[in-house]
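J.: Following the hints, put chains Z, X, C, P and V in place on chain D, whose structure we already have.
Protein chains: 6
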Amino acid sequence: MPYVNVKITRDGATEQQKADVIKGMTDVLVKVLGKNPASTFVVIEEVDMEAWGVGGEPVKAIRARAAKKG
Amino acid sequence: MPYVNVKITRDGATEQQKADVIKGMTDVLVKVLGKNPASTFVVIEEVDMEAWGVGGEPVKAIRARAAKKG
Amino acid sequence: MPYVNVKITRDGATEQQKADVIKGMTDVLVKVLGKNPASTFVVIEEVDMEAWGVGGEPVKAIRARAAKKG
Amino acid sequence: MPYVNVKITRDGATEQQKADVIKGMTDVLVKVLGKNPASTFVVIEEVDMEAWGVGGEPVKAIRARAAKKG
Amino acid sequence: MPYVNVKITRDGATEQQKADVIKGMTDVLVKVLGKNPASTFVVIEEVDMEAWGVGGEPVKAIRARAAKKG
Amino acid sequence: MPYVNVKITRDGATEQQKADVIKGMTDVLVKVLGKNPASTFVVIEEVDMEAWGVGGEPVKAIRARAAKKG
Numbered sequence: 001m002p003y004v005n006v007k008i009t010r011d012g013a014t015e016q017q018k019a020d021v022i023k024g025m026t027d028v029l030v031k032v033l034g035k036n037p038a039s040t041f042v043v044i045e046e047v048d049m050e051a052w053g054v055g056g057e058p059v060k061a062i063r064a065r066a067a068k069k070g
Numbered sequence: 001m002p003y004v005n006v007k008i009t010r011d012g013a014t015e016q017q018k019a020d021v022i023k024g025m026t027d028v029l030v031k032v033l034g035k036n037p038a039s040t041f042v043v044i045e046e047v048d049m050e051a052w053g054v055g056g057e058p059v060k061a062i063r064a065r066a067a068k069k070g
Numbered sequence: 001m002p003y004v005n006v007k008i009t010r011d012g013a014t015e016q017q018k019a020d021v022i023k024g025m026t027d028v029l030v031k032v033l034g035k036n037p038a039s040t041f042v043v044i045e046e047v048d049m050e051a052w053g054v055g056g057e058p059v060k061a062i063r064a065r066a067a068k069k070g
Numbered sequence: 001m002p003y004v005n006v007k008i009t010r011d012g013a014t015e016q017q018k019a020d021v022i023k024g025m026t027d028v029l030v031k032v033l034g035k036n037p038a039s040t041f042v043v044i045e046e047v048d049m050e051a052w053g054v055g056g057e058p059v060k061a062i063r064a065r066a067a068k069k070g
Numbered sequence: 001m002p003y004v005n006v007k008i009t010r011d012g013a014t015e016q017q018k019a020d021v022i023k024g025m026t027d028v029l030v031k032v033l034g035k036n037p038a039s040t041f042v043v044i045e046e047v048d049m050e051a052w053g054v055g056g057e058p059v060k061a062i063r064a065r066a067a068k069k070g
Numbered sequence: 001m002p003y004v005n006v007k008i009t010r011d012g013a014t015e016q017q018k019a020d021v022i023k024g025m026t027d028v029l030v031k032v033l034g035k036n037p038a039s040t041f042v043v044i045e046e047v048d049m050e051a052w053g054v055g056g057e058p059v060k061a062i063r064a065r066a067a068k069k070g
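Chains as they are written, first to last, in the UniProt record's numbering: chain D, 1 to 70; chain Z, 1 to 70; chain X, 1 to 70; chain C, 1 to 70; chain P, 1 to 70; chain V, 1 to 70.
Isolated chain D, as found in the complex (with noise of 0.2 Å):
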């Protein structure tokens, strides 16, 4: 019966790279607790690099910085 939310900035995570992080997910609780993948939710939510702050600053100021830098 886990619930995992799996928050990650909006990068372009594929359709694919999402079932496989599911897939993982899953497996890691089964086979570390025994969980029952029939009620073992995996949501994954995707936030916007502006809306997600890491030392006090947006991922996209952070990443415009370091693009510039080049």
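Some hints could be false.
Said to hold, decoys possible - In silico DSS-like cross-links for lysine-lysine, where the CA-CA straight-line distance does not exceed 25 Å:
no., chain 1, residue 1, chain 2, residue 2
1, P, K23, C, K35
2, C, K23, D, K60
3, V, K31, D, K60
4, X, K60, C, K31
5, V, K23, Z, K35
None of these hints come from the bench; they were simulated from the model.
T.: Below, chains Z, X, C, P and V alone, put in the same frame as chain D:
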């Protein structure tokens, strides 16, 4: 002061249905726990079916397979 | 497949009340959105009043002040 | 290593305002708890007004009624 | 920069099992999405069985009934 | 109507520090977004260090290793 977060697959829930879920869930907390509706938040978040996994698979893939079986 | 997370202050909710909240919220989703109860999760998390803030103050402080006013 | 999740109604918050919220909240954790900003995440998620309920009603309905009263 | 929140019932997961879940989930994100492990958070939260509902019932009640049937 | 959820490791944060985080974060939302403090929730949740992972390891293990190196 409860905060209720409702995560559902993006499945065409109408505005009225969301209003009914908000009303219904608030009423449960008022009736059962005597909470003040004025300070009870209910937030509904819809998740794309490719990003919601159960049984190690995205709901989108599960539904596509079921549709093929017809 | 809904996942409902209910955050409330740690205020002495009994086991029966939690069961009633679980039942009530599941029923709302079944009735309004036709969801399958067997794959509907409702999780209740209680938070200490010193750790829940409203109006910029912890609930614990607000209640202590109200109690003093008697 | 804090993770701060900020849920607000989708109300036209600008990119600059989101950057200011990220900065402000990170600074609070650095100042009060001595946290390392480099490993402090602040994530802002906006929710449609039809999907955010208070007092048993969606904010969208509350605002529409208030607008009518003018 | 992913943030993974894993909610499970309080079911006796050992410290080693939690470490293995953390390792396993981080590896999935590194392998599938190329994420940097150093800025990948995995947080495990355990919920009492009386506070986790499925099918409209607390897990605690479901397990008690199953135990009676023996 | 914002809801702010602050997850931190269980690291001895005092009641006063929690009150200061609540005040500080509410002030940020009032100042930057003009939010009403009376309907702004800030909830702080502490997580055991064995259950918070970064870099694929629990914080508890990382700190134990760092302590050994002295």
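J.: Against this structure, judge whether each hint is valid.
T.: Hint check:
1. Restraint check for P:K23 and C:K35: the C-alpha separation of about 24 Å stays at or below 25 Å, so the hint holds.
2. The straight-line distance between the Cα atoms of C:K23 and D:K60 is roughly 14 Å, inside the 25 Å bound, and the hint therefore holds.
3. At most 25 Å may separate the alpha-carbon atoms for a hinted pair to count; V:K31 and D:K60 meet this at roughly 23 Å.
4. The straight-line distance between the Cα atoms of X:K60 and C:K31 is roughly 23 Å, inside the 25 Å bound, and the hint therefore holds.
5. Of the pairs offered as hints, the one joining V:K23 and Z:K35 holds, with about 24 Å between alpha carbons and a cut-off of 25 Å not exceeded.
Hint compliance for this structure: no hint is broken.
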